[in-house]
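K.L.:
Go by the hints and put chain B onto chain A.
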Amino acid sequence: MVRARVRVALGVSLVLSGCIAYHELQLPSPTSARPLPAALPGLRAGFGRADITPPPGVGLAGNGPEGRRAAGYRVRLFARALLLEDRTGERVAFVVADLAQVTPNLHRLTALRIRDSTGIGADRLVIAATHVHAGPGHFYAERQYNQSTSQVTGYDSAMVEFLVSRFARAVLDAQRDLRLARVAWSATAVWGHTRNRSYEAFLRNKPEWTPPAPVTPGLDPTHRAVNPLWTLLRIDQRGHGVDSAYRPAGALSVFAVHGTADAPENELLDAGLHGIIERGLERHIDSLSRRGVGYHLMANGAEGDVSPDWPAQSRCGAPMLRPVVGPGGPRTPPAPWEWRDPAPAWMGLCLAAARRYVNTAGDSLAARAAALFDSLGPGLRGDLRIGVAFRTLRLKGDPRLCPYPETGSSTLAGAEDGRTRLYGWRLFGIFPVGLEEGAHAIRPNPHDCQREKRVALGGLQRKLVVGEHGLPEVAQLSVIRLGDLLLGVVPAELTTRAGAQIERAITDSARAAGLAPRAVAIVGLANGYMQYVTTDAEYGEQAYEGGSTLFGPNSAAVLAEELGKLAASQVRSGASPANRVDSIAAYPGKSQAILPRRTVGPPPERVTRVVLSQACAGDTLVVRWRDLYPGRLVPADGPVLRIEQLVGERGDTVAWDGDRELEIRAVRSLGDRGYVWEARWHHPAHAGPFRVVLVARAGLAEVTGDRVGC
Amino acid sequence: MLRLRLFVAAALLPALGLPSPACAQVYLGLDATLTSPYVWRGVTRANGWVVQPEGFVSLKAGGGFLSGGVWASYELGNAGPNDLSDLGTGGAGLAELNYWGQAAWSLGLVQAALGGIRYTFRGTAPTAGRTRADNTTELFVNLRGTSKYIVPGVAVWLDVDRVRGTYIEGSVTVPVLANPLAAPFFGVITRAAVGYTVGQEGAYFARAGVTHVDVAVSTDLTLRPLRVPTVLRVEGHVQFSTDDATRPTSARPSDARRSGKLWAALALRLSPPIVSW
Numbered sequence: 002m003v004r005a006r007v008r009v010a011l012g013v014s015l016v017l018s019g020c021i022a023y024h025e026l027q028l029p030s031p032t033s034a035r036p037l038p039a040a041l042p043g044l045r046a047g048f049g050r051a052d053i054t055p056p057p058g059v060g061l062a063g064n065g066p067e068g069r070r071a072a073g074y075r076v077r078l079f080a081r082a083l084l085l086e087d088r089t090g091e092r093v094a095f096v097v098a099d100l101a102q103v104t105p106n107l108h109r110l111t112a113l114r115i116r117d118s119t120g121i122g123a124d125r126l127v128i129a130a131t132h133v134h135a136g137p138g139h140f141y142a143e144r145q146y147n148q149s150t151s152q153v154t155g156y157d158s159a160m161v162e163f164l165v166s167r168f169a170r171a172v173l174d175a176q177r178d179l180r181l182a183r184v185a186w187s188a189t190a191v192w193g194h195t196r197n198r199s200y201e202a203f204l205r206n207k208p209e210w211t212p213p214a215p216v217t218p219g220l221d222p223t224h225r226a227v228n229p230l231w232t233l234l235r236i237d238q239r240g241h242g243v244d245s246a247y248r249p250a251g252a253l254s255v256f257a258v259h260g261t262a263d264a265p266e267n268e269l270l271d272a273g274l275h276g277i278i279e280r281g282l283e284r285h286i287d288s289l290s291r292r293g294v295g296y297h298l299m300a301n302g303a304e305g306d307v308s309p310d311w312p313a314q315s316r317c318g319a320p321m322l323r324p325v326v327g328p329g330g331p332r333t334p335p336a337p338w339e340w341r342d343p344a345p346a347w348m349g350l351c352l353a354a355a356r357r358y359v360n361t362a363g364d365s366l367a368a369r370a371a372a373l374f375d376s377l378g379p380g381l382r383g384d385l386r387i388g389v390a391f392r393t394l395r396l397k398g399d400p401r402l403c404p405y406p407e408t409g410s411s412t413l414a415g416a417e418d419g420r421t422r423l424y425g426w427r428l429f430g431i432f433p434v435g436l437e438e439g440a441h442a443i444r445p446n447p448h449d450c451q452r453e454k455r456v457a458l459g460g461l462q463r464k465l466v467v468g469e470h471g472l473p474e475v476a477q478l479s480v481i482r483l484g485d486l487l488l489g490v491v492p493a494e495l496t497t498r499a500g501a502q503i504e505r506a507i508t509d510s511a512r513a514a515g516l517a518p519r520a521v522a523i524v525g526l527a528n529g530y531m532q533y534v535t536t537d538a539e540y541g542e543q544a545y546e547g548g549s550t551l552f553g554p555n556s557a558a559v560l561a562e563e564l565g566k567l568a569a570s571q572v573r574s575g576a577s578p579a580n581r582v583d584s585i586a587a588y589p590g591k592s593q594a595i596l597p598r599r600t601v602g603p604p605p606e607r608v609t610r611v612v613l614s615q616a617c618a619g620d621t622l623v624v625r626w627r628d629l630y631p632g633r634l635v636p637a638d639g640p641v642l643r644i645e646q647l648v649g650e651r652g653d654t655v656a657w658d659g660d661r662e663l664e665i666r667a668v669r670s671l672g673d674r675g676y677v678w679e680a681r682w683h684h685p686a687h688a689g690p691f692r693v694v695l696v697a698r699a700g701l702a703e704v705t706g707d708r709v710g711c
Numbered sequence: 006m007l008r009l010r011l012f013v014a015a016a017l018l019p020a021l022g023l024p025s026p027a028c029a030q031v032y033l034g035l036d037a038t039l040t041s042p043y044v045w046r047g048v049t050r051a052n053g054w055v056v057q058p059e060g061f062v063s064l065k066a067g068g069g070f071l072s073g074g075v076w077a078s079y080e081l082g083n084a085g086p087n088d089l090s091d092l093g094t095g096g097a098g099l100a101e102l103n104y105w106g107q108a109a110w111s112l113g114l115v116q117a118a119l120g121g122i123r124y125t126f127r128g129t130a131p132t133a134g135r136t137r138a139d140n141t142t143e144l145f146v147n148l149r150g151t152s153k154y155i156v157p158g159v160a161v162w163l164d165v166d167r168v169r170g171t172y173i174e175g176s177v178t179v180p181v182l183a184n185p186l187a188a189p190f191f192g193v194i195t196r197a198a199v200g201y202t203v204g205q206e207g208a209y210f211a212r213a214g215v216t217h218v219d220v221a222v223s224t225d226l227t228l229r230p231l232r233v234p235t236v237l238r239v240e241g242h243v244q245f246s247t248d249d250a251t252r253p254t255s256a257r258p259s260d261a262r263r264s265g266k267l268w269a270a271l272a273l274r275l276s277p278p279i280v281s282w
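Note that the protein sequences, when read in sequence, are chains A and B.
Convert by adding 1 to the 1-based position in the first sequence; the result is the number in the numbering used here.
Convert by adding 5 to the 1-based position in the second sequence; the result is the number in the numbering used here.
Okay, chain A solo, but in the shape it has when bound (with noise of 0.2 Å):
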């Protein structure tokens, strides 16, 4: 009888704790070399740029369970990369990465990548993610978002290293690269293209905000409630051996705005209005310097509860959980109940309305981008001062943030951007369990560290949900001075408010130590992950971002307090303190293959590429043809076809698969044959006849497609 208690105690334990399986990894800690004065005398700057779209068949992160499988790509994701060097030797490398999030695995793998080649160590790389909602999810280094950022959940090892292997290259060209360098920056208010989504927790503020930036007139107060600045570092860079001068070569950017431009019912790999904008200003800088391509790094600001200002037909409505009508008769137990998305021909429209939106916005962003590029080419100069301060805050255990993360009900049920299928839901239809912003998701009795927060689920989410090691435990910050502009680098999503709090944090404290900086800026979503941080006052609300706010109301003022000191550690002469890189852990999960590997379906050698059909609906032509599956046929080792316009018999390229009004989808296996793709041009602006020429692979000689007129 005893035994037989002890084993239902084993049992209900391994159930509570045990189940949850973590798999430790513990992460490099990877130190920067000391700086060694440069061989060539004056700034250096070098940027590179890998492509990191993966095959389709991945989960796009950050919609939670509207996060779809991918079906196949728009433009493409990069990973582009900026390598700084000053006279002293001070280097700093940043990587802008068309993903929703980086965590800290990918940071410290990239880091111990490019150590030895670059002397750059964890302590001055930020990698930074532009936040976009379509990209792939399955390398966090936290078991909870590996299971929660899509429809397709699980942690995969072979992500990560695509990832990582990418961004190691993006740096390493950009030491390649390395050139001397003249700079200069500037901040522009750019208003109406952004709102505050929470506006009622943002009142909740006091003092009333006051805009950094004189407020254009006519806006409503939500659109008022942003920080609206755009924060642009020019690169010109000097040419190889005769061609001597300084030419446009690439910008670092910070402007605060969410990456969810795009429906969450998008089902593509896509860099959506921050690859818009990239690209926008980068053709700009092409066609300034005439010598190749142009680079744009566009990081995130403090962008918490700042939505782009998408037009409502954009959101197609999550599925809702309905009773199906299928196969069977009187006799049969009932069909199951199903979550279904509305209908057809409503997701077509919404879906074109975003993207419709995301073209227009990002053309009009890319044009402040690219006058406030022009506005500073008077003010280059070559002495630009590096400093680099950093540090690993173990935010688990922190006496001054509450003793471990936890999600509040309101996250459950998602931002106004996505609204979850959970949004709105109440047990037996009646009973409101706080799956909303704000009135049921506080709790009315505030008596924890949480305060404020109705913890989704109880005490469950962290017995059988999180478990001990689900959610982020650690925080990488930093503060890179460049000159007079100090950037604070943050593993969150500050809201607007909050990262008003660190600005002013970093400010006196680096005016206290002597510096003046000029201004500063907030790089989010940088180095790791910690989800949302609001005010202690906006917190009180529960909107989503607070219900996101892991650790409790007094996280903005930790941070401040943290990025302050690092502020603070900057000398006047601009030699970086001594940075400790501590050693840090992972607990992803068990790796499982999501990515789709290199080894399914028939080898190159055993697959006839052709196109099997063209036509043209109104004024998009659709082309199916057979290639290698999407394991083997992977979006960032190469173009993948182009649609050129038949002049005579000359044919003029038009599009390259990665062109915005250019969708690639794999369609189906065909066994042994191969794998049916699909390709959806939007061709407004170009009659026909066209043609498609499948671009040579490895292994594949290049195929041409029939002349099609449209």
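By construction, these hints were calculated from the structure, which means they are not laboratory data.
Every value quoted in this text rests on a predicted model; they were computed, and no experiment measured them.
Hints are not guaranteed to be accurate.
[Stated by the list, open to error] Here are the computed lysine to aspartate or glutamate pairs in the EDC-like style, where the Cα-Cα straight-line distance is at most 20 Å:
#1 Lys397(A) to Glu162(A)
#2 Lys153(B) to Glu339(A)
#3 Lys397(A) to Glu268(A)
#4 Lys464(A) to Glu25(A)
#5 Lys153(B) to Asp342(A)
#6 Lys566(A) to Asp399(A)
P.N.:
Frame of chain A; chain B shown alone:
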């Protein structure tokens, strides 16, 4: 040997990955329910273990389904003198065989099903609950809403053969929780139903009017082993009986006046598409 190969080929057919966008699809359905007791319209027909397998074929076209199938009820235990049984005491085996046809489709906010069912019984012993003389045929209409929280439904069963009466069941279904992630689907659904008879009291019930109220909780787990949609369903029922025919839970006189009963069922359902065009 040929049969075995055909069976294996049929089982593996869905795993070939039939293209999903099709004009029409034919589904082969197989399901089985294990229940104790077997309760039908509130009446306990057998108070031992009963297994109820079913096979059907459905044609999906234009958003609706045309289906036809055969359903059977096997009593697994030998019923004793104090047990309720369609077969009667002393035997185990096939007690009931139903043949049915149904058309079901969705009309926006309402889902509708129309069809007919032929009930045939195999009991022969003098103590049998149902014998060949009880064979009959019903036509039915089943309507239910598709709203977000509370799904109302009504089903009307009209006997056109032996009984010549109508049974009506009104229901309210409320989903309590469901896995928000796509797979595996797991949901907990509650349902309250009330039965009402108009003319079937001579055959199945003691009097006209409300027969019983049934409150059920069911959980569905949907898996796709080898890409075959497979649903495992567990349901529990609490019944409040208002008709003398729905009260007995066994043949014991002491169980003849129960006002409530509990029962549960476990169902496994497979319905893979086998042909598309």
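K.L.:
Work down the list of hints and note, for each, if the structure agrees.
P.N.:
Hint check results:
no.: 1; hint: Lys397(A) to Glu162(A); in the structure: violated, 28 Å
no.: 2; hint: Lys153(B) to Glu339(A); in the structure: holds, 12 Å
no.: 3; hint: Lys397(A) to Glu268(A); in the structure: violated, 36 Å
no.: 4; hint: Lys464(A) to Glu25(A); in the structure: holds, 18 Å
no.: 5; hint: Lys153(B) to Asp342(A); in the structure: holds, 13 Å
no.: 6; hint: Lys566(A) to Asp399(A); in the structure: holds, 16 Å
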